[in-house]
Amino acid sequence: MAEVTTIQVPDVLAAYVAAGRAPGALALVSRGDEVTVDVAGTADVEGRTPLRRDTIFRIGALTVPIVAVAALMLAEEDRLGLDDPVDLWLPELASRRVLRSFTAELDDTEPAKTPITLRHLLTNTWGFGLFFGAGDAPLRRAANELRVMNGPPIPEHSDSPDEWLRRLGELPLVHHPGEGWMYSIGADVLGILLSRASGQTLDAVLRERVFDPLGMVDTGFAVPAEKLDRLPPAYTRDPRGGELDVYDPGSWGSEWRERPTYPSAAGGLVSTADDLLAFARLLRHGGRAGGDWLLTRRSVAAMTTDQLSPAARAGARFFPNFFPDHGWGFGLAVTPSGRFGWDGGLGTSCWVDPASETIGILLTQRTGMPVQSSLYRDFWAALDR
Numbered sequence: 214m215a216e217v218t219t220i221q222v223p224d225v226l227a228a229y230v231a232a233g234r235a236p237g238a239l240a241l242v243s244r245g246d247e248v249t250v251d252v253a254g255t256a257d258v259e260g261r262t263p264l265r266r267d268t269i270f271r272i273g274a275l276t277v278p279i280v281a282v283a284a285l286m287l288a289e290e291d292r293l294g295l296d297d298p299v300d301l302w303l304p305e306l307a308s309r310r311v312l313r314s315f316t317a318e319l320d321d322t323e324p325a326k327t328p329i330t331l332r333h334l335l336t337n338t339w340g341f342g343l344f345f346g347a348g349d350a351p352l353r354r355a356a357n358e359l360r361v362m363n364g365p366p367i368p369e370h371s372d373s374p375d376e377w378l379r380r381l382g383e384l385p386l387v388h389h390p391g392e393g394w395m396y397s398i399g400a401d402v403l404g405i406l407l408s409r410a411s412g413q414t415l416d417a418v419l420r421e422r423v424f425d426p427l428g429m430v431d432t433g434f435a436v437p438a439e440k441l442d443r444l445p446p447a448y449t450r451d452p453r454g455g456e457l458d459v460y461d462p463g464s465w466g467s468e469w470r471e472r473p474t475y476p477s478a479a480g481g482l483v484s485t486a487d488d489l490l491a492f493a494r495l496l497r498h499g500g501r502a503g504g505d506w507l508l509t510r511r512s513v514a515a516m517t518t519d520q521l522s523p524a525a526r527a528g529a530r531f532f533p534n535f536f537p538d539h540g541w542g543f544g545l546a547v548t549p550s551g552r553f554g555w556d557g558g559l560g561t562s563c564w565v566d567p568a569s570e571t572i573g574i575l576l577t578q579r580t581g582m583p584v585q586s587s588l589y590r591d592f593w594a595a596l597d598r
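For the sequence shown, the residue numbers in the working numbering are 214 to 598.
It should be emphasised that the hints constitute simulated quantities derived from the structure, not laboratory data. There's no promise every hint is true.
To be verified - Below 20 Å or equal to it, Euclidean Cα-Cα: the simulated DMTMM-like pairs (lysine to aspartate or glutamate) are:
{"#": "1", "residue 1": "Lys440", "residue 2": "Asp297"}
{"#": "2", "residue 1": "Lys326", "residue 2": "Glu305"}
{"#": "3", "residue 1": "Lys440", "residue 2": "Asp416"}
{"#": "4", "residue 1": "Lys326", "residue 2": "Glu392"}
{"#": "5", "residue 1": "Lys440", "residue 2": "Asp267"}
{"#": "6", "residue 1": "Lys326", "residue 2": "Asp300"}
{"#": "7", "residue 1": "Lys326", "residue 2": "Glu383"}
{"#": "8", "residue 1": "Lys440", "residue 2": "Asp425"}
{"#": "9", "residue 1": "Lys440", "residue 2": "Glu468"}
{"#": "10", "residue 1": "Lys326", "residue 2": "Glu358"}
{"#": "11", "residue 1": "Lys326", "residue 2": "Glu290"}
{"#": "12", "residue 1": "Lys440", "residue 2": "Glu471"}
{"#": "13", "residue 1": "Lys440", "residue 2": "Asp487"}
Every value quoted in this text rests on a predicted model; they were computed, and no experiment measured them.
With the hints as extra help, turn the sequences into a complete structure.
This is the structure we're talking about:
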């Protein structure tokens with residue numbers, strides 16, 4: 214997209230939709246107490262359904278910071294310790310062994326130097342994750358055969374969380390806990406930890422501790438029948454022809470129409486712009502919502518501060534050129550300027566800039582990490598002017 218010195222958020226959205234990259238896009242921007250919502254396009258490629266402020270989106274990995282907040286709440290209540298081994302709650306991950314190299318055979322391992330802790334799960338340094346750009350290896354083949362590599366966030370109905378974790382526990386770690394960064398899988402492990410430590414299902418934990426206190430009335434792992442008309446189709450781009458194909462049907466055909474057997478803490482939630490605004494404001498205000506403190510300022514400060522060692526950051530496998538400009542806190546990314554937030558692989562983004570008291574929320578129904586797209590870059594360029 215060409216640089217336009219006077220570009221505004223509505224121009225960014227309109228250009229993105231006009232280029233056929235998604236049928237519609239919604240942006241909510243909060244500066245202090247002022248909120249602006251801009252919408253371009255429609256909810257479907259046929260142009261039949263309007264995209265609205267209360268449209269329900271599949272938010273993908275924006276699920277991760279929400280789950281991290283619930284985990285920190287349990288830590289503040291001493292239900293979990295940040296640096297205590299998780300073995301009590303997750304015996305499947307006790308006595309871990311670590312591959313001597315990523316390409317080693319599965320029996321070429323050594324004992325882990327330290328147990329896995331809540332801190333490791335929150336920071337994606339527990340020792341296992343998605344294999345970005347890693348090529349073929351015995352571990353990768355075994356992980357695929359055991360079906361533990363949770364990919365695109367479509368609700369999983371076949372396996373229980375316990376069964377998934379049992380299979381995951383059959384594999385060695387890639388690196389010793391705390392010594393490297395690998396994305397995504399740790400969030401699903403964290404979701405199981407929260408469920409077991411609280412004695413509740415993950416959706417019940419999030420409802421009680423986050424959604425209800427913040428008034429996030431449209432956020433959950435499934436869309437109730439009376440709200441299905443607000444869930445549009447999700448699309449993905451065909452790499453051969455470039456046209457948009459349906460990734461998940463909207464309304465009654467969607468996989469999100471019923472509660473999954475396995476609610477994914479790494480990417481399973483649906484939400485709306487205003488629900489995400491309520492969550493982002495909780496973090497911007499240091500853990501306070503209205504007159505209530507849901508988290509301490511200390512927990513929010515730790516969550517939104519880079520927690521990675523230089524070695525962990527240097528060895529991380531992720532999108533090219535991500536880590537020179539980003540670090541990782543508890544469940545979200547941070548930048549050197551202090552901006553924090555995260556993006557979802559189904560085309561969603563939510564970031565907070567404390568210096569300017571700005572919250573930017575960008576929602577589309579097309580797969581793809583926003584940080585790699587001109588839409589994301591131009592959106593924040595417009596906000597930064």
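Each hint, compared with the structure:
The hinted pair formed by Lys440 and Asp297 fails the criterion: a straight-line CA distance of about 41 Å is larger than 20 Å. At most 20 Å may separate the alpha-carbon atoms for a hinted pair to count; Lys326 and Glu305 meet this at roughly 17 Å. Of the supplied pair hints, the one linking Lys440 and Asp416 holds, its CA atoms being roughly 18 Å apart against a limit of 20 Å. Our distance criterion of 20 Å between C-alpha atoms is met by Lys326 and Glu392, whose separation comes to about 10 Å.
Distance check on the hinted pair: Lys440 and Asp267 sit about 10 Å apart at the alpha-carbon level, within 20 Å; holds. For a cut-off of 20 Å, the pair hint linking Lys326 to Asp300 stands: about 14 Å separates their Cα positions. Between Lys326 and Glu383, the direct Cα distance comes to roughly 18 Å. Compliance with the 20 Å bound is thereby established for this hinted pair. Restraint check: the Cα-Cα separation between Lys440 and Asp425 comes to about 18 Å, which is no more than 20 Å; the hinted pair holds.
Our distance criterion of 20 Å between C-alpha atoms is met by Lys440 and Glu468, whose separation comes to about 14 Å. Under the criterion of a C-alpha separation no larger than 20 Å, the hint pairing Lys326 with Glu358 is inconsistent with the structure, at around 27 Å. Annotation: proposed proximity of Lys326 to Glu290 is violated, straight-line Cα distance about 28 Å (limit 20 Å). Between Lys440 and Glu471, the direct Cα distance comes to roughly 12 Å. Compliance with the 20 Å bound is thereby established for this hinted pair.
Taking the CA atoms of Lys440 and Asp487, the gap is near 15 Å; set against the 20 Å cutoff, the hint holds.
Checked against the numbered hints given earlier, this structure breaks hints 1, 10, 11; the rest are met.
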